Amino acid sequence: MDWLEAGRWSPYLVGAGIGVLSWITFLLSDKAIGCSTAFARTSGMIEKLFRGDKVKEKPYYKEFVPEIDWEWILVLGVFAGAFISSVLSGSFRITIEHSVWTAHFGDTPILRLLVAFAGGIVMGFGSRWAGGCTSGHGISGTLQWTLSSWIAAICFFAGGIITALFIFEVLAGGAS
Amino acid sequence: MTLDVLHKNRGLQFAIAMLCGVVFGFLLQKGGVTDYDVIIGQLLLRDFTVVKVMLSAVITGSLGIYALKSAGLVKLHPKPGSLGSSAVGGLIFGVGFATLGYCPGTVSGAVGTGSLDALLGGVAGILIGSGLYASLYPRLRRGILQKGDFGTKSIPEVLNVNPWLVVIPGCLILAVLLLFLENAGL
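Order-wise, the sequence lines are chains H and D. Residues -16 to 159 in the working numbering are what the first sequence spells out, letter by letter. Residues 10 to 195 in the working numbering are what the second sequence spells out, letter by letter.
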């Protein structure tokens, strides 16, 4: 089973696999693959721990009830699947360092953590504003040729490319 | 068991969700897209792995889903949107995407591969950002989210044509784009 232990598969093969997976979720579960709503539900569940059932009265949580649902289990599965894959290929590593980041900003863990945290807040906020993420809009929505998803996906990358160029070319002065 | 009965079986649905999630995470990791460097490489336009994975998924998924729909076996799940929601929200998402270096799906995968910035920075941040949005939602819903509303319309519906007249040429264009990337050595 060498192929299960390979470090990387062809991106075309991986993409086709995700496409076939979407046939399966539509057919067997009547669902499209998505990930960001699970984070919103989790956020509501955590808030409920502190503020009790009042949280359920928030208009947003009336639409997206803070509970474990199909997509929540899917996201848990993504964590498990990536863990299994990285262990099989020997690339599992507890780390905070990534070469593109350290080449520009050094290896101070706290700086990378703070920037990741800030990025997470903005992305979590934006995914709810747009009503989906790179999976829900970027793959599932675009493959259905939904107008809102094509606009969102193009904006994800437009915003992402401009921001990445700003961070790595302007802020870091382009040194690599 | 008919599909309708299967769709309503909570236990089986959770098992299917778990299995599909594991396969999805496995594929994302094998594709390299749970790696911060690969995602940032894409946004810096140096490494086109992310686009190759996504467009291959869209081509394969699109042909299959519309074939299943034509056979009456699945129904579509279009998300509603508007310029104020999809475009503005999309740009905000993009800023966070490049700052974090993962998206909500790949951040879960990256935690699975041992990336602590994905767990302590990414997951924690996304939960807080989502909560902030839930608090601001009543105000946004009355204002910007309604601007330029186009509902759940699909591109074939907007053009008022048979869906296959968008699906086939659309997939061909995406395939040509992939060929172009490959030929350009990207």
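Do not take every clue at face value.
Claimed, not checked - Have a look at the derived ranges for each label pair, beta carbon to beta carbon:
no.: 1; chain 1: H; residue 1: 45; chain 2: D; residue 2: 152; range: 32 to 42 Å
no.: 2; chain 1: D; residue 1: 20; chain 2: H; residue 2: 3; range: 41 to 51 Å
no.: 3; chain 1: D; residue 1: 190; chain 2: H; residue 2: -15; range: 44 to 54 Å
no.: 4; chain 1: D; residue 1: 150; chain 2: H; residue 2: 7; range: 53 to 63 Å
no.: 5; chain 1: D; residue 1: 152; chain 2: H; residue 2: 34; range: 20 to 30 Å
no.: 6; chain 1: H; residue 1: 33; chain 2: D; residue 2: 190; range: 45 to 55 Å
no.: 7; chain 1: H; residue 1: -14; chain 2: D; residue 2: 185; range: 21 to 31 Å
no.: 8; chain 1: D; residue 1: 14; chain 2: H; residue 2: 141; range: 35 to 45 Å
no.: 9; chain 1: H; residue 1: -7; chain 2: D; residue 2: 145; range: 11 to 21 Å
no.: 10; chain 1: H; residue 1: 31; chain 2: D; residue 2: 20; range: 16 to 26 Å
Said to hold, decoys possible - Examples of chain H residues toward chain D, derived with CB under 7 Å:
no.: 11; residue: 48
no.: 12; residue: 49
no.: 13; residue: 53
no.: 14; residue: 73
no.: 15; residue: 93
no.: 16; residue: 138
No lab work stands behind these hints: they were computed from the structure. Treat the numbers as computed from the prediction; the structure is a model and nothing was measured. Backbone N, C-alpha and C define an ideal beta-carbon position, used for all residues, glycine too.
We went through each hint and held it up to the structure:
Roughly 19 Å separates the CB atoms of residue 45/H and residue 152/D, a value that falls outside the hinted 32 to 42 Å. Range check, residue 20/D to residue 3/H: Cβ separation about 24 Å, and the 41 to 51 Å hint is violated. Roughly 28 Å separates the CB atoms of residue 190/D and residue -15/H, a value that falls outside the hinted 44 to 54 Å. For the hinted restraint 53 to 63 Å between residue 150/D and residue 7/H, the CB-CB distance of approximately 34 Å leaves it violated.
In this structure the supplied range 20 to 30 Å holds for residue 152/D paired with residue 34/H, their Cβ-Cβ distance being about 26 Å. Look at residue 33/H against residue 190/D: about 48 Å separates their beta carbons, and that is inside 45 to 55 Å. At about 29 Å, the beta-carbon gap between residue -14/H and residue 185/D stays in the expected band of 21 to 31 Å. Distance hint check for residue 14/D and residue 141/H: the Cβ-Cβ separation is about 44 Å, which falls inside the suggested range of 35 to 45 Å.
Separation of residue -7/H from residue 145/D is about 42 Å and departs from the stated range, judged on CB atoms against 11 to 21 Å. Residue 31/H and residue 20/D have their C-beta atoms about 24 Å apart, which keeps the hinted 16 to 26 Å range intact. Taking 7 Å as the C-beta contact cut-off toward chain D, the hint placing residue 48/H at the interface is violated, the least distance being around 12 Å. At about 9 Å, the closest approach between the beta carbon of residue 49/H and any beta carbon in chain D exceeds 7 Å, and the interface hint on this residue is violated.
A least Cβ separation of about 5 Å between residue 53/H and chain D falls short of the 7 Å threshold, and the interface hint therefore holds. Contact between residue 73/H and chain D, as hinted, is not supported at the beta carbon level, the nearest pair being about 11 Å apart and thus beyond 7 Å. Evaluation of the residue 93/H hint against chain D yields a violated restraint, the C-beta minimum of about 10 Å exceeding 7 Å. The interface hint given for residue 138/H holds, since its Cβ lies 3 Å from the closest Cβ of chain D, which is under the 7 Å cut-off.
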